[in-house]
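**Q** Protein chains in written order, with my numbering: chain A, -19 to 144; chain B, 3 to 250.
If you are wondering where the hints come from, they were derived from the structure by calculation, not from laboratory data. Mixed in with the good hints there might be a few duds.
[Unchecked claim] A short, non-exhaustive set of chain A residues, derived as facing chain B with CB atoms under 7 Å: (1) THR8; (2) ALA10; (3) GLY35; (4) ALA38; (5) LEU63; (6) TRP71; (7) THR73; (8) GLU119; (9) ILE144.
[Said to hold, decoys possible] From the derived model, a few chain B residues whose C-beta atoms are all more than 12 Å from chain A: (10) PHE6; (11) TYR72; (12) GLU78; (13) ASP192; (14) ARG199; (15) GLN212; (16) THR230.
Small disclaimer: the values here were computed from a predicted structure and weren't measured. We put the CB at the ideal spot given by N, CA and C, even for glycine.
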Amino acid sequence: MTVCWQGSAEAAWEAAAAVPDPEVPCVTVADLGILRWVRVEDGVAVAGVTPTYSGCPAVLAIELAVEAALREAGFEARIERVLTPPWTTDWITDEGREKLREYGIAPPVKSSGSIRSLFGEVTVACPKCGSTDTEKLSEFGSTACKAHYRCCACAEPFDYFKCI
Amino acid sequence: MAVFDALLELADDHLILGHRLSEWCGHAPMLEEDLAMPNMGLDLIGTARTLYDHAGKLEGKGRSEDDLAYLRGEREYRNCLLVERPNEDFAHTMLRQFYFAAFMRPYWLAALNSTDEVVRGVAGKAEKEMAYHIRHAGEWVIRLGDGTEESAARIRDAVEALHIYVDELFDSSDAAQEAEAAGLLPVRADLRATWDRTVAEVFAEALLEQPTAAYAQRGGRQGIHNETLGHLLAEMQVVHRAHPGARW
């Protein structure tokens, strides 16, 4: 019985973890660290999902996608919105950061939470050529979580996943 | 119910300012700002949603975030007057944003120690977002103040126009005082020194003089608003009121 339950929780995690982010489909919700946990309680799979930004318009889409994935895997499903501890970019896994780079989005400079990363000048490497000779074009990019940059070396315009 | 009322005041501040920012969508002076202002508006509206939802649950009368946002009239809205001020020009909008964020950042930092778990959760996200808003709006205040003759005149006009609404930020209504005494929300008056410091730093760089307001305009917390709020609510609420419970 215990074995079976463990298997179920694992299967539920795998189903939920594979859901891609609707705005950045190269990474999954697990890569981004916005899927906090999945528990199986009395046969119902409960997934804890946390928003990136307060007003992230993708929150509802993500929750619905995770719920649908769990149902597809044969579970009754429920979503719990988790607010604490708050999400920061440090929740993005190393694998997720690598996927972002390959996709053409510069991953956030590490160690958020320090006021320096928010106010200080950060060095952002171009995801295309790796040069750190880049400039910020706009504080706000294509989505709430990204800023817009340009590489001065290879001229590639790119998104930078902001560090919060 | 004091806690409900206090949370509502806070949520109203965020929804109304978020809506004001959304009015710039498609009208901003440049594409970057056309993205920036609705993005900042989204942060504020997201915060408002969580606060309304929480307030509605604490009230226990089954009112949802939509009920609270769309089905209250002007006199029932308890936002401070600063946030409902019309956008006017870009200088007014940026200064209003800077003033509000300079208040909310220390507010949310203090709220990280709230006795209420949802408030702590909101604070954890919002304090970072407000730091971003201070930086973005603050840079514009500096750029405009230390810019051309025209831009400097406009930001000076904005300072002149908005200054009378600043003191109300630091007032606590009876409901807020109860919530503050219970450790649920930070004491507003305690944040004045931090706000003054933030504004002084940016104004020094912006070559702006610190104004002294001849008087302070108040009333939002009692539901006494400027005539512009009614127009804002009419636009924001019309679809919901015309088609109650509509879904798509």
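**Q** If a hint holds in the structure, say so; if it does not, say that too.
**A** Quick rundown of the hints versus the structure:
1. THR8: 22 Å, violated
2. ALA10: Check failed: Cβ of A:ALA10 comes no nearer than 20 Å to chain B, outside 7 Å.
3. GLY35: Check passed: Cβ of A:GLY35 comes within 3 Å of chain B, closer than 7 Å.
4. ALA38: 11 Å, violated
5. LEU63: 3 Å, holds
6. TRP71: Since the shortest Cβ distance to chain B is 13 Å, the answer is violated.
7. THR73: 20 Å, violated
8. GLU119: 5 Å, holds
9. ILE144: 5 Å, holds
10. PHE6: Given a closest Cβ separation of 19 Å, the condition holds.
11. TYR72: Non-interface label stands for B:TYR72: nearest chain A Cβ at 18 Å, farther than 12 Å.
12. GLU78: Holds, since 24 Å exceeds 12 Å.
13. ASP192: Non-interface label on B:ASP192 holds, nearest chain A Cβ at 20 Å vs cutoff 12 Å.
14. ARG199: 15 Å, holds
15. GLN212: 22 Å, holds
16. THR230: 23 Å, holds
Of the numbered hints listed earlier, those contradicted by the structure are 1, 2, 4, 6 and 7.
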